[in-house]
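Peer 1: Read off the chains here:
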Amino acid sequence: MAHDTLYAQPQEPQGPAPGRGGGRLAAVLRRWDTTVVLGLIAVVVGAALLVDGFATGRNAEFLLLDAVAIGLVALPMTLIVVTGEIDLSVASTLGLCSAVMGQLWLSGWPLELIVPAAVALGAVLGAVNGLFVTGFGLPSLAVTIGTLAAYRGLAFVVLGDQAVADFPGEWTDAAVGTVPGGALPWAMVGTALLAVVFGILLHATPPGRELYAIGSNAEAARFSGIAVARRKFWLFVASGAVSGLAGVYWTLRYASARADNGEGLELAVVAAVLLGGVSIFGGRGTLAGVCAGVLLLGTLRNALQLADVPSDTLDIVTGSLLIASVVVPNAVVLLRARLGRPRSGSAPPPRPGNAP
Amino acid sequence: MSGPAAASPLLHLRDVAKSFGPVAAVKGVSFALHAGRVHALAGENGAGKSTVVKMLAGVHRPDSGGLELEGRPISPDGPAAAQAAGIAVIHQEPTLFPDLPVAENIFMGRQPTGRFGRIDRGAMNEAAGRLFARLGVAIDPDRQARGLSIADQQLVEIAKALSRRAKVFVMDEPTAALSGVEATRLFAVIRGLTERGAAVLFISHRFDEIFSLCDDITVMRDGAWVSTDRVADVTVDTVVRRMVGREVSALFPKQDVEPGDVVLDVRGLTRTGVFEDVSLTVRRGEIVALAGLVGAGRSEVVRAVFGIDRYESGDVRVGGRLLPPGSPAAAMAQGIALVPEDRRQQGLVMELSVERNATLTRLRPLARFGLLSGRGERRAATDLARRLHVRHGGLGDAVGTLSGGNQQKLVLAKWLATSPQVLILDEPTRGIDVGTKAEVHRIMSGLAAEDMAVLMVSSELPEVLGMADRVLVMREGRITAELPGSRATEESVMFAATGQPGAGA
Numbered sequence: 363m364a365h366d367t368l369y370a371q372p373q374e375p376q377g378p379a380p381g382r383g384g385g386r387l388a389a390v391l392r393r394w395d396t397t398v399v400l401g402l403i404a405v406v407v408g409a410a411l412l413v414d415g416f417a418t419g420r421n422a423e424f425l426l427l428d429a430v431a432i433g434l435v436a437l438p439m440t441l442i443v444v445t446g447e448i449d450l451s452v453a454s455t456l457g458l459c460s461a462v463m464g465q466l467w468l469s470g471w472p473l474e475l476i477v478p479a480a481v482a483l484g485a486v487l488g489a490v491n492g493l494f495v496t497g498f499g500l501p502s503l504a505v506t507i508g509t510l511a512a513y514r515g516l517a518f519v520v521l522g523d524q525a526v527a528d529f530p531g532e533w534t535d536a537a538v539g540t541v542p543g544g545a546l547p548w549a550m551v552g553t554a555l556l557a558v559v560f561g562i563l564l565h566a567t568p569p570g571r572e573l574y575a576i577g578s579n580a581e582a583a584r585f586s587g588i589a590v591a592r593r594k595f596w597l598f599v600a601s602g603a604v605s606g607l608a609g610v611y612w613t614l615r616y617a618s619a620r621a622d623n624g625e626g627l628e629l630a631v632v633a634a635v636l637l638g639g640v641s642i643f644g645g646r647g648t649l650a651g652v653c654a655g656v657l658l659l660g661t662l663r664n665a666l667q668l669a670d671v672p673s674d675t676l677d678i679v680t681g682s683l684l685i686a687s688v689v690v691p692n693a694v695v696l697l698r699a700r701l702g703r704p705r706s707g708s709a710p711p712p713r714p715g716n717a718p
Numbered sequence: 107m108s109g110p111a112a113a114s115p116l117l118h119l120r121d122v123a124k125s126f127g128p129v130a131a132v133k134g135v136s137f138a139l140h141a142g143r144v145h146a147l148a149g150e151n152g153a154g155k156s157t158v159v160k161m162l163a164g165v166h167r168p169d170s171g172g173l174e175l176e177g178r179p180i181s182p183d184g185p186a187a188a189q190a191a192g193i194a195v196i197h198q199e200p201t202l203f204p205d206l207p208v209a210e211n212i213f214m215g216r217q218p219t220g221r222f223g224r225i226d227r228g229a230m231n232e233a234a235g236r237l238f239a240r241l242g243v244a245i246d247p248d249r250q251a252r253g254l255s256i257a258d259q260q261l262v263e264i265a266k267a268l269s270r271r272a273k274v275f276v277m278d279e280p281t282a283a284l285s286g287v288e289a290t291r292l293f294a295v296i297r298g299l300t301e302r303g304a305a306v307l308f309i310s311h312r313f314d315e316i317f318s319l320c321d322d323i324t325v326m327r328d329g330a331w332v333s334t335d336r337v338a339d340v341t342v343d344t345v346v347r348r349m350v351g352r353e354v355s356a357l358f359p360k361q362d363v364e365p366g367d368v369v370l371d372v373r374g375l376t377r378t379g380v381f382e383d384v385s386l387t388v389r390r391g392e393i394v395a396l397a398g399l400v401g402a403g404r405s406e407v408v409r410a411v412f413g414i415d416r417y418e419s420g421d422v423r424v425g426g427r428l429l430p431p432g433s434p435a436a437a438m439a440q441g442i443a444l445v446p447e448d449r450r451q452q453g454l455v456m457e458l459s460v461e462r463n464a465t466l467t468r469l470r471p472l473a474r475f476g477l478l479s480g481r482g483e484r485r486a487a488t489d490l491a492r493r494l495h496v497r498h499g500g501l502g503d504a505v506g507t508l509s510g511g512n513q514q515k516l517v518l519a520k521w522l523a524t525s526p527q528v529l530i531l532d533e534p535t536r537g538i539d540v541g542t543k544a545e546v547h548r549i550m551s552g553l554a555a556e557d558m559a560v561l562m563v564s565s566e567l568p569e570v571l572g573m574a575d576r577v578l579v580m581r582e583g584r585i586t587a588e589l590p591g592s593r594a595t596e597e598s599v600m601f602a603a604t605g606q607p608g609a610g611a
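Chains A and B are the protein sequences, given in the same order. Per our numbering, residue 363 is the first one in the first sequence, and the count goes up by one each step. Per our numbering, residue 107 is the first one in the second sequence, and the count goes up by one each step.
Honestly, the hints are just simulated from the structure, not real lab data.
Derived DEER-like restraints, expressed as beta-carbon distance ranges:
1) A:Leu493 with B:Thr376: 23 to 31 Å
2) A:Ala693 with B:Ser333: 52 to 60 Å
3) A:Arg700 with B:Asp205: 32 to 40 Å
Derived list of chain B stretches under chain A, where covered just means 3 residues or more per stretch with a C-beta under 8 Å from a C-beta of chain A:
4) 435 to 446
5) 451 to 458
6) 465 to 473
Beta carbons: idealized from backbone N, C-alpha and C, even for Gly.
Looking at chain A on its own, in the form it has when it is part of the complex (with noise of 0.2 Å):
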């Protein structure tokens, strides 16, 4: 029965074997997670013993404030990406959502009306880009950088180029508000919270698992009874939903509604959940790592901020930082296979003759 041991190798050739728990510890090492939160320790404490003023109490606030709208925003990019897709337009649905904001509050609407408006209208933007995406069958890249611009666009047809800047001060003042006592804004509580129930919905509930299935081959999803398309659409509708509620908090949280808030926060959000270890191909990545790619990244930013770097340096380390994280998966693997392919059979054994 020779036939019942033909599995492939194993994926990892082990080295001298290894102890259960240490074999564990070795995988738990080896993740990108693993990577990214030691990452965020090791930068923690190098900017609290170079930076001044890093390891302060204020600055850890402003920290928090500046993570929770990239934070917010990462969490539907994250089951976007998960699937194989992108939404490259939040940036500008906040923006649009900032500047609908500004304009019906100067026409006199309360603002317990204008917040769900504006997450409303978050998510028939973030439908538009589902029903192009799954209805008429684009990629995803093309239709959010097109709406990428178009939405940016629609922002200043709304609001010009006036801030609108006269919100309640009970509003504006709830959105930096901190737990008492502490440094920890409620906005970033509510984030976390938010958070938490990302991470159910992708890690523990059915839909959830289905996206990676969908990320890692869409065809054998559909074998699978899995509705593809429908999935993805929702997916989008909640990008833009929590897109436009960034879009209150951004706009509250600087009291200023303008038509160009949040301008390039794309490329910080996608920065962050492909450093948080989700890949860009689809069908793996965990939101926790994400989670810990945006504290990276903002405590990286910040404390380059506080160290005096140009803003425009700041943009080069994040783009550098989405590009590594991108290659050096990648170089892993690559690297392993080329290590393990003397080990695993460049020579293939000699077949018993089977001529006629």
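Chain A is already provided as a structure; the job is to place chain B on it using the hints.
Peer 2: Below, chain B without anything else, positioned relative to chain A:
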């Protein structure tokens, strides 16, 4: 070797063999192509013809044995090397660059250049025109390749091969998509090529073509060489018998079951150009085989039934209830399961673990209060793997580490977990080893005995004849014959599938 012609061969295959993992696709095949002669290669689907073609094309390298061109051994390590050596493969559906002119398609990468390296369009069009004149066909070298008929596209490929001074032309079922007139024109071109000293390897399922066009014929079966003869020395009957001439072995342990009510009822299913007016029923406890040649539309029919593809008219009923079209989820809810044709692309998500694949079809029933627990999932996956004897390293290993047979059993497992009433299997044993094959057959037979309705698409005649209570044969998108299992023979099925008059049946 008893070569049919005495002259020294242009191309000689010597004892070539090729295996893919545990599956031996070609085992020690030898034959020779001679200048000025058309050589037919015949065999059932899966006999290894395509693998032979791919070795000639340089896509696969033989594990053992080799090729000799004009007496010199060659070992093309890629399509470019095969072309350079003078072997041209003309595919059934050529892939041209649709937006470029015909002439540029012919001379891609070797365009004649004028001063400063600019492409000399005039010279190129003239050269292309000369090639078409040699072939005796009228195609405008300056027109775009888009919109050319498949027949014309093949001629462009042939012209391209001529321009590279190819000596051996390999044509893999070139007439499958051609009309009668187009095929006649192609044959005239082929005769022209051989008159100029080329050797042609011609693969076709149509015996009338083989017998009117070819000089020699080699028959393959199960990856092995069976015979090489002059066409004049054989008849359709002898060739068919050699193609299928296996004993239907006891490998197929079909239990006799009294069929029950009709569970799957398909009526007048039509998708223009793919399948027409397909009606079939499958009863409880019955195994129905859908036989026919590759490309006859069998897979397309079962995909439509399961809701992967849409259909234009007709309806599908499961247990009397109408099934909404285009929704695999609805088909699953009504008790249909489809084990698809392509295990690696459609059956499994190769990057995911054994466990994740096993539970993918029934995540919802496994969830409690909408949440999945790792332990519950693990238990379900362990259960499934044990029931079908799937041999795996660990449940967490990527499913790609399993052998082909175990992968197929896992696909079966994931679908049986949905407790279907109707199990559709598309090529259930393609590319898996003999032992697992028998196991899959035993499982199928057991399921039918448990009153499941089984619809099987298979290109392997012994499997069809050994397993099926009823055999439906499709040809060119239509069901052309319905044979009870007792009356179905290899000859009667093959003749219905190829559209040949049942001379030997």
